[in-house]
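Top to bottom, those sequences are chains F and W.
End of the first sequence sits at 204 in our numbering; the numbers just go up one at a time, nothing left out.
End of the second sequence sits at 118 in our numbering; the numbers just go up one at a time, nothing left out.
Some hints could be false.
In silico SDA-like links for lysine to any residue, alpha-carbon gap of 20 Å or less [to be verified]:
#1 F:K106 - F:P146
#2 F:K87 - F:L145
#3 F:K107 - F:G58
#4 F:K107 - F:R148
#5 F:K107 - F:D69
#6 F:K87 - F:D20
#7 W:K42 - F:R73
#8 W:K42 - F:W81
#9 F:K87 - F:V174
#10 F:K106 - F:A61
#11 W:K42 - F:S140
#12 W:K42 - F:G168
#13 F:K87 - F:M77
#14 W:K42 - W:D26
#15 F:K87 - F:Q76
#16 F:K87 - F:P47
#17 W:K42 - F:D80
#18 F:K106 - F:L145
#19 F:K87 - F:P146
#20 W:K42 - F:V174
#21 W:K42 - W:P25
#22 W:K42 - F:A61
#23 W:K42 - F:G36
#24 W:K42 - F:K107
#25 F:K87 - F:D69
#26 F:K87 - F:P164
#27 F:K106 - F:D69
#28 F:K106 - F:D65
#29 F:K106 - F:L57
#30 F:K87 - F:L40
#31 W:K42 - F:M72
#32 F:K107 - F:P146
#33 W:K42 - F:D69
#34 W:K42 - F:K106
#35 F:K106 - F:T90
#36 W:K42 - F:D32
#37 W:K42 - F:R28
FYI, nobody ran anything at the bench for these hints, they're computed from the structure.
These figures come from a predicted structure and were not determined experimentally.
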Amino acid sequence: MEDLTSHPQDVRGVECAANDLSDDALLRRFADGDAGAARLLTDRLGPRSLSVALRMLGNRAEAEDVTQDAMMRLWQMAPDWVPGNAKVSTWLYRVTLNLCVDIRRKKRPDRLSDVPEPEDGKASVVDRMQDEARKDALQSALAELPERQRQAVVLRHIEELPNPEIAGVMGISVEAVESLTARGKRALAAILAERRDELGYDNG
Amino acid sequence: MTMADEDMELDHLFARARQERPALPDDLAVRIQTDAEAARLKRLDPKVRPTRWFWRLFANVGGWQGFGGLVAASAAGIWIGFSAPTFLPDPANLLVSQDTTYLMADLGYDTTFLESTE
C-alpha cells in the first residue's frame, strides 16, 4: 500500500488521486497503514460530525469532544470495516448521535425544562429566552424538540441528508423519518411563534 | 403570521444554519490526527499493543523461561501430592488432625525435645 505522505515529489498528484477516492477506499487505506488517508478522512468527515454534535448539544466544547471520540472510534473500527455495506459517513453520524445522547442523558438534571422556575422568576426566564433568541433562535428551539425529532430535523434540514440515509443513521424506516421531520418542523414553527408572541418580536 | 410565513421563516433559519456550519478547528484536527496516528502505530507495531493482565504476569515471572520453570515446579508438586514417595507421609493424612509428635516419630526423628517442653 502506497503511503500518501512518503513521496514528497509526488504528493500533489497522489493527493489529487486520493481525493477522488471514496470514504470506503480511504478507510481501507488507513487500515493498511496509510497515514495520509486519515488526514483526508478527517477533513471530509470531521466537520460533519462537529456540525451535528453542535446542533444536538448546543455546546462547543462538548461537541468537539464528541467529534474527537467519534473519529477515534472510526480509527479503531477501520480494520473491521466491510466496504459496500454502508457509507462511512452514515456510520459516523450514528456514532456521533449516540455519543450526544449519552452526554444529554448524563446532563438531564441540568436541562432547562427540568429546572424548577422560581416564584418570581418570570422575568429572569424571559431575559434568558431573549438572550437565547438573539443568539440563535433556531438552536434554542431545537433544544426543546424531543431527541428523535431533533435528530431527524438536523440531519434533514441542516446536514441535508437524503431520507434513506437518515433512515440508515437512525435505524428506522424512511416513512418514520418523514414523519419525524414533519412533526419536528411543525413543533419548531410552533415554538418560534410562541417565542415571538412572548417576546413581542416581529419577524419583519 | 400565516403558516406559509412560518414555513418560510423556518426555511430561512435552516438556510442560515447551513451557511454557519462550523469548520474543524485546527486544534481539534490535530487531536483527531494524533488519535489516528496512535491507532495506526498500534496496529503496525504489536509491541505497543496494550498489555493484558495475563501478559503482564507472564513478563513478571520471567517470560518463557520463568514460566517454564513455574510449570515444571507446579507439575512436580502435583505429582508428589498424588503419588508421594514411601518415605513421605500421605498428604491426605496431614489434612486431618493428628498428633504432630506421632508423625514426627513415624519419620524417625527424635521427638524427646518436644516431650520435654510439656
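Status of the hints after comparison with the structure:
About 16 Å separates the Cα atoms of F:K106 and F:P146, which keeps this hinted pair within 20 Å; it holds. For the proposed pair F:K87 and F:L145, the alpha carbon gap of about 27 Å is over 20 Å, so the pair is violated. For the proposed pair F:K107 and F:G58, the alpha carbon gap of about 13 Å is at most 20 Å, so the pair holds. For a cut-off of 20 Å, the pair hint linking F:K107 to F:R148 stands: about 17 Å separates their Cα positions.
Between F:K107 and F:D69 the CA atoms are separated by roughly 18 Å; this keeps the pair inside 20 Å, and the hint holds. For the hint linking F:K87 to F:D20, the alpha-carbon distance of about 16 Å falls within 20 Å, and the restraint holds. Proposed proximity of W:K42 and F:R73 is supported: the alpha carbons are some 14 Å apart, at most 20 Å. Restraint check: the Cα-Cα separation between W:K42 and F:W81 comes to about 17 Å, which is no more than 20 Å; the hinted pair holds.
The hinted pair formed by F:K87 and F:V174 meets the criterion: a straight-line CA distance of about 17 Å does not exceed 20 Å. Taking the CA atoms of F:K106 and F:A61, the gap is near 16 Å; set against the 20 Å cutoff, the hint holds. For a cut-off of 20 Å, the pair hint linking W:K42 to F:S140 is broken: about 42 Å separates their Cα positions. Among the hinted pairs, W:K42 with F:G168 is inconsistent with the structure: their alpha-carbon atoms are about 31 Å apart, more than 20 Å.
At roughly 14 Å between alpha-carbon atoms, F:K87 and F:M77 fall within 20 Å of each other, so this suggested pair holds. This hinted pair does not check out: W:K42 and W:D26 have alpha carbons roughly 24 Å apart, beyond 20 Å. At roughly 17 Å between alpha-carbon atoms, F:K87 and F:Q76 fall within 20 Å of each other, so this suggested pair holds. For the hint linking F:K87 to F:P47, the alpha-carbon distance of about 16 Å falls within 20 Å, and the restraint holds.
Under the criterion of a C-alpha separation no larger than 20 Å, the hint pairing W:K42 with F:D80 is consistent with the structure, at around 15 Å. About 18 Å separates the Cα atoms of F:K106 and F:L145, which keeps this hinted pair within 20 Å; it holds. Between F:K87 and F:P146 the CA atoms are separated by roughly 26 Å; this puts the pair beyond 20 Å, and the hint is violated. With a C-alpha separation of about 40 Å, the suggested pairing of W:K42 with F:V174 is violated against the 20 Å cut-off.
With a CA separation close to 26 Å, the supplied pair W:K42 and W:P25 exceeds the 20 Å bound. Between W:K42 and F:A61 the CA atoms are separated by roughly 28 Å; this puts the pair beyond 20 Å, and the hint is violated. Taking the CA atoms of W:K42 and F:G36, the gap is about 16 Å. The hint holds against a cut of 20 Å. Restraint check for W:K42 and F:K107: not satisfied, since their Cα atoms lie roughly 34 Å apart, outside the 20 Å limit.
Among the hinted pairs, F:K87 with F:D69 is consistent with the structure: their alpha-carbon atoms are about 19 Å apart, no more than 20 Å. At roughly 12 Å between alpha-carbon atoms, F:K87 and F:P164 fall within 20 Å of each other, so this suggested pair holds. Proximity of F:K106 to F:D69 is assessed by CA-CA distance (about 16 Å); at most 20 Å being required, the pair is judged to hold. At most 20 Å may separate the alpha-carbon atoms for a hinted pair to count; F:K106 and F:D65 meet this at roughly 15 Å.
Only pairs whose Cα atoms come within 20 Å are accepted, and F:K106 paired with F:L57 is accepted, the gap being roughly 12 Å. Distance hint between F:K87 and F:L40 is fulfilled; the C-alpha atoms sit about 16 Å from each other, no more than 20 Å. The straight-line distance between the Cα atoms of W:K42 and F:M72 is roughly 13 Å, inside the 20 Å bound, and the hint therefore holds. The straight-line distance between the Cα atoms of F:K107 and F:P146 is roughly 15 Å, inside the 20 Å bound, and the hint therefore holds.
Of the pairs offered as hints, the one joining W:K42 and F:D69 holds, with about 17 Å between alpha carbons and a cut-off of 20 Å not exceeded. With a C-alpha separation of about 31 Å, the suggested pair W:K42 and F:K106 falls outside the 20 Å cut-off, and the hint is violated. Note on F:K106 and F:T90: the hinted pairing is violated, with a Cα-Cα distance of about 25 Å set against a maximum of 20 Å. For the suggested pair W:K42 and F:D32, the alpha carbons sit about 12 Å apart, so the restraint of at most 20 Å is met.
Proposed proximity of W:K42 and F:R28 is supported: the alpha carbons are some 16 Å apart, at most 20 Å.
Going down the numbered hints, you'll see the structure goes against 2, 11, 12, 14, 19, 20, 21, 22, 24, 34 and 35, while the others check out.
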